[in-house]
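Enquirer: Sequence:
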Amino acid sequence: MSTDSAADGAGVAARIERLLRHTAVAVRGALTRRDGQLLLGVSGLAYFLLYLAGLRHLGFGPAGYEVSVVSNPLTRAFRQVGPFQWEPIALVVVGPVELLVSPLNVLLGAVLASLVGLNLAVSAVAWRGPSACRLGPGAGAVSGLPGLLSGFACCGPTILLVVGVQASAGLLSLFQWLLPLTVVALLGTLLWVGSRVETT
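Residue numbering for the sequence shown follows the numbering used here, beginning at 49 and increasing consecutively.
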């Protein structure tokens, strides 16, 4: 019985190791190509800017130049104002662009943007090289869809207010789970694409 359990455990560990190795090969392969790098950069930056705009931390106002920081920035940087949202500690105005700087929101947005960009880059490069992969033409689109969930997580309550929906507490509490689900879904799709890449 214990021998069978040990064998099953070794088999699972081997499958996980193979999955991670294939995913690393897929990511490396995508990032060594110019089209993969371009897609990662463009889609990642676009998602990052949309994420900040969804939080209402990036916008436009009267043209000017200003940098102002709140008192006790280190303490206030960790103060939550909502699920997976932290208080801004600085305002940066450059021309008509206004940016509220919240280090933890910026870090979270950068992680999500990187995952979205990697998913799209790996899927697109794999789709363009069908001899190396077994991916269908919809893989790129499917891999980017989880990133949309985090958009609902950051600005879903605002959207409900704009369209005039009376949201119950249960519906509002749903939004706090969308962001962790997004991270899991993005990692899952990246591993799925990686599992379908032939390392040979």
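By construction, these hints were calculated from the structure, which means they are not laboratory data. Check the hints yourself; a few may be wrong.
[Unchecked claim] Listed next, with one range per pair, are the computed distances between beta-carbon atoms:
(1) Leu86 - Phe126: 33 to 39 Å
(2) Arg104 - Ala61: 31 to 37 Å
(3) Arg69 - Pro110: 51 to 57 Å
(4) Leu97 - Arg66: 34 to 40 Å
(5) Ala111 - Ser162: 27 to 33 Å
(6) Ala61 - Val140: 29 to 35 Å
(7) Val142 - Ile64: 43 to 49 Å
Ideal Cβ placement from N, Cα and C applies to all residues, glycine included.
Enquirer: Compare the structure with each hint and give your call.
Expert: Here is how each hint holds up against the structure:
no., hint, in the structure
1, Leu86 - Phe126: 33 to 39 Å, "holds (36 Å)"
2, Arg104 - Ala61: 31 to 37 Å, "violated (45 Å)"
3, Arg69 - Pro110: 51 to 57 Å, "holds (53 Å)"
4, Leu97 - Arg66: 34 to 40 Å, "holds (36 Å)"
5, Ala111 - Ser162: 27 to 33 Å, "holds (32 Å)"
6, Ala61 - Val140: 29 to 35 Å, "violated (47 Å)"
7, Val142 - Ile64: 43 to 49 Å, "holds (46 Å)"
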